[in-house]
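In the UniProt record's numbering, the protein residues as written are 1 to 203.
Calculated from the structure, these hints are not laboratory results. Some hints here could point you the wrong way.
[To be verified] Per label pair, the in silico range of CB-to-CB distance:
{"id": "1", "residue 1": "Arg152", "residue 2": "Glu87", "range": "48 to 58 Å"}
{"id": "2", "residue 1": "Glu54", "residue 2": "Arg25", "range": "43 to 53 Å"}
{"id": "3", "residue 1": "Asp173", "residue 2": "Arg99", "range": "43 to 53 Å"}
{"id": "4", "residue 1": "Ile195", "residue 2": "Asp173", "range": "16 to 26 Å"}
{"id": "5", "residue 1": "Glu80", "residue 2": "Lys24", "range": "19 to 29 Å"}
{"id": "6", "residue 1": "Lys136", "residue 2": "Glu27", "range": "35 to 45 Å"}
{"id": "7", "residue 1": "Tyr46", "residue 2": "Asn147", "range": "47 to 57 Å"}
{"id": "8", "residue 1": "Glu149", "residue 2": "Glu19", "range": "41 to 51 Å"}
{"id": "9", "residue 1": "Arg99", "residue 2": "Arg152", "range": "24 to 34 Å"}
{"id": "10", "residue 1": "Ala164", "residue 2": "Ala88", "range": "25 to 35 Å"}
{"id": "11", "residue 1": "Glu149", "residue 2": "Glu23", "range": "46 to 56 Å"}
{"id": "12", "residue 1": "Glu11", "residue 2": "Ser160", "range": "31 to 41 Å"}
{"id": "13", "residue 1": "Asn44", "residue 2": "Asn107", "range": "35 to 45 Å"}
[Unchecked claim] Derived DSS-like pairs (lysine-lysine); straight-line CA-CA distance at most 30 Å:
{"id": "14", "residue 1": "Lys73", "residue 2": "Lys108"}
{"id": "15", "residue 1": "Lys52", "residue 2": "Lys105"}
{"id": "16", "residue 1": "Lys64", "residue 2": "Lys179"}
{"id": "17", "residue 1": "Lys64", "residue 2": "Lys132"}
{"id": "18", "residue 1": "Lys64", "residue 2": "Lys52"}
{"id": "19", "residue 1": "Lys22", "residue 2": "Lys105"}
{"id": "20", "residue 1": "Lys64", "residue 2": "Lys22"}
{"id": "21", "residue 1": "Lys136", "residue 2": "Lys108"}
{"id": "22", "residue 1": "Lys179", "residue 2": "Lys108"}
{"id": "23", "residue 1": "Lys179", "residue 2": "Lys105"}
{"id": "24", "residue 1": "Lys136", "residue 2": "Lys179"}
{"id": "25", "residue 1": "Lys22", "residue 2": "Lys136"}
{"id": "26", "residue 1": "Lys73", "residue 2": "Lys32"}
{"id": "27", "residue 1": "Lys22", "residue 2": "Lys179"}
{"id": "28", "residue 1": "Lys108", "residue 2": "Lys24"}
{"id": "29", "residue 1": "Lys73", "residue 2": "Lys105"}
{"id": "30", "residue 1": "Lys105", "residue 2": "Lys136"}
{"id": "31", "residue 1": "Lys22", "residue 2": "Lys52"}
{"id": "32", "residue 1": "Lys132", "residue 2": "Lys108"}
{"id": "33", "residue 1": "Lys52", "residue 2": "Lys32"}
{"id": "34", "residue 1": "Lys132", "residue 2": "Lys105"}
{"id": "35", "residue 1": "Lys24", "residue 2": "Lys52"}
{"id": "36", "residue 1": "Lys105", "residue 2": "Lys24"}
{"id": "37", "residue 1": "Lys108", "residue 2": "Lys64"}
{"id": "38", "residue 1": "Lys108", "residue 2": "Lys52"}
{"id": "39", "residue 1": "Lys24", "residue 2": "Lys73"}
{"id": "40", "residue 1": "Lys179", "residue 2": "Lys24"}
These numbers come from a predicted model, not from an experiment. Here a beta-carbon is modelled for each residue, glycine too, at the ideal position from N, C-alpha and C.
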Amino acid sequence: MQDKKADVTREALHSSFYELLKEKRYEDINVKDITENAFTSRANFYYYYRSKEEMMYALFYELKYSIGIEIDKRVEQLREVDVNDSEALSAILYPSIFRTLEYVKSNKWIFILDKRTNDFDFISTLRVEYEKNITKHFSADIKKYNNAEFIRINTLFYTSGVAAVIAEWISTDMQTSIKLIATTLYLQLYNLFMILYRTHIVD
1 MQDKKADVTR EALHSSFYEL LKEKRYEDIN VKDITENAFT SRANFYYYYR
51 SKEEMMYALF YELKYSIGIE IDKRVEQLRE VDVNDSEALS AILYPSIFRT
101 LEYVKSNKWI FILDKRTNDF DFISTLRVEY EKNITKHFSA DIKKYNNAEF
151 IRINTLFYTS GVAAVIAEWI STDMQTSIKL IATTLYLQLY NLFMILYRTH
201 IVD
């Protein structure tokens with residue numbers, strides 16, 4: 001029961017912080033603002049965090065962990081698809097990308113805060129998670145056709161492109177539609193799978 005109450009309090013503090021970020025710059029938000037907006041006491045805040053900076057980093061790392069799980073889940077779905085069947089691949093890949101972008105947008109304010117503070121590089125996190133999970137779920141199959149360095153270089157190239165598109169999207173406060181961004185990323189990742197599976201380099 002106590003744990004549940006603690007979770008509710010932390011969630012209220014986090015939600016308060018997100019809401020305030022819509023109205024104020026990070027530098028202009030203080031602990032009093034956060035607790036008043038969360039309808040809780042400063043004592044409750046300091047029970048969990050020593051400062052707003054500590055809470056911010058806790059949110060960053062929590063989101064980093066969540067992103068890893070989300071991307072892993074989406075990429076793992078692709079393992080069930082015959083990559084040589086372009087229609088089947090498209091049917092899974094595009095919705096997977098779309099849902100990932102929805103997830104990013106639902107956490108919009110923490111990403112925008114990252115852009116303002118430069119304290120935590122979420123773009124690199126996204127790229128690394130995509131690269132890691134594509135390699136994790138597909139490397140055994142791909143290695144039948146290509147050497148490890150070919151896989152690494154191409155995965156790096158295309159996932160860097162994905163990260164760059166998302167970085168641009170965040171830099172404009174996500175004004176471009178998810179549909180357009182998803183289509184762009186879909187083409188990047190679809191091309192990656194086509195290259196890895198249909199180009200045979202074994203030396």
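Hints versus structure:
In this structure, Arg152 and Glu87 break the distance hint of 48 to 58 Å, their C-beta atoms being roughly 28 Å apart. At roughly 19 Å, the beta carbons of Glu54 and Arg25 sit outside the given window of 43 to 53 Å. Evaluation of the 43 to 53 Å hint for Asp173 and Arg99 yields a failure: the beta carbon distance comes to about 21 Å. For the hinted restraint 16 to 26 Å between Ile195 and Asp173, the CB-CB distance of approximately 33 Å leaves it violated.
Range check, Glu80 to Lys24: Cβ separation about 45 Å, and the 19 to 29 Å hint is violated. For Lys136 and Glu27, the Cβ-Cβ distance of about 39 Å falls inside the hinted range of 35 to 45 Å, so the restraint holds. Checked against the given bound of 47 to 57 Å, the beta carbons of Tyr46 and Asn147, roughly 55 Å apart, stay inside it. The hint said 41 to 51 Å for the Cβ distance between Glu149 and Glu19, and at roughly 47 Å that hint holds.
Arg99 and Arg152 have their C-beta atoms about 27 Å apart, which keeps the hinted 24 to 34 Å range intact. At about 28 Å, the CB distance of Ala164 to Ala88 agrees with the hint of 25 to 35 Å. Between Glu149 and Glu23 the beta carbon distance is about 49 Å. The supplied range of 46 to 56 Å therefore holds. Restraint check, Glu11 to Ser160: a C-beta distance of roughly 34 Å satisfies the suggested window 31 to 41 Å.
Range check, Asn44 to Asn107: Cβ separation about 23 Å, and the 35 to 45 Å hint is violated. A threshold of 30 Å between alpha carbons decides the hint, and for Lys73 with Lys108 the separation of about 21 Å falls inside it, so the pair holds. Note on Lys52 and Lys105: the hinted pairing holds, with a Cα-Cα distance of about 23 Å set against a maximum of 30 Å. Between Lys64 and Lys179, the direct Cα distance comes to roughly 24 Å. Compliance with the 30 Å bound is thereby established for this hinted pair.
Between Lys64 and Lys132 the CA atoms are separated by roughly 14 Å; this keeps the pair inside 30 Å, and the hint holds. With a C-alpha separation of about 18 Å, the suggested pairing of Lys64 with Lys52 holds against the 30 Å cut-off. A C-alpha spacing of about 14 Å is found between Lys22 and Lys105, which places the hinted pair at or below 30 Å, so the restraint holds. The hinted pair formed by Lys64 and Lys22 meets the criterion: a straight-line CA distance of about 21 Å does not exceed 30 Å.
Distance restraint check for Lys136 and Lys108: the Cα-Cα separation of roughly 28 Å lies within the 30 Å cut-off, and the hinted pair is therefore satisfied. For the proposed pair Lys179 and Lys108, the alpha carbon gap of about 16 Å is at most 30 Å, so the pair holds. Restraint check: the Cα-Cα separation between Lys179 and Lys105 comes to about 12 Å, which is no more than 30 Å; the hinted pair holds. With a C-alpha separation of about 27 Å, the suggested pairing of Lys136 with Lys179 holds against the 30 Å cut-off.
A hinted pair counts as satisfied when its Cα atoms are at most 30 Å apart, and Lys22 with Lys136 does not qualify at roughly 37 Å. This hinted pair does not check out: Lys73 and Lys32 have alpha carbons roughly 38 Å apart, beyond 30 Å. Of the supplied pair hints, the one linking Lys22 and Lys179 holds, its CA atoms being roughly 24 Å apart against a limit of 30 Å. Straight-line distance between C-alpha atoms of Lys108 and Lys24 comes to about 15 Å, which keeps the hinted pair within the 30 Å bound.
A threshold of 30 Å between alpha carbons decides the hint, and for Lys73 with Lys105 the separation of about 18 Å falls inside it, so the pair holds. In summary, the hint linking Lys105 to Lys136 is supported, as the alpha carbons are separated by about 26 Å, within the 30 Å threshold. Proposed proximity of Lys22 and Lys52 is supported: the alpha carbons are some 16 Å apart, at most 30 Å. Between Lys132 and Lys108 the CA atoms are separated by roughly 23 Å; this keeps the pair inside 30 Å, and the hint holds.
Our distance criterion of 30 Å between C-alpha atoms is met by Lys52 and Lys32, whose separation comes to about 10 Å. For the proposed pair Lys132 and Lys105, the alpha carbon gap of about 22 Å is at most 30 Å, so the pair holds. For the suggested pair Lys24 and Lys52, the alpha carbons sit about 14 Å apart, so the restraint of at most 30 Å is met. Taken as a hint, the Lys105 and Lys24 pair is honoured in the structure, with Cα atoms around 19 Å apart against an allowance of 30 Å.
Pair hint Lys108 plus Lys64 holds up; C-alpha atoms about 13 Å apart against a cutoff of 30 Å. Using a Cα cut-off of 30 Å, the hinted pair Lys108 and Lys52 holds, with the two alpha carbons roughly 18 Å apart. For the proposed pair Lys24 and Lys73, the alpha carbon gap of about 34 Å is over 30 Å, so the pair is violated. Between Lys179 and Lys24 the alpha-carbon distance is near 29 Å, which keeps this suggested pair within the 30 Å criterion.
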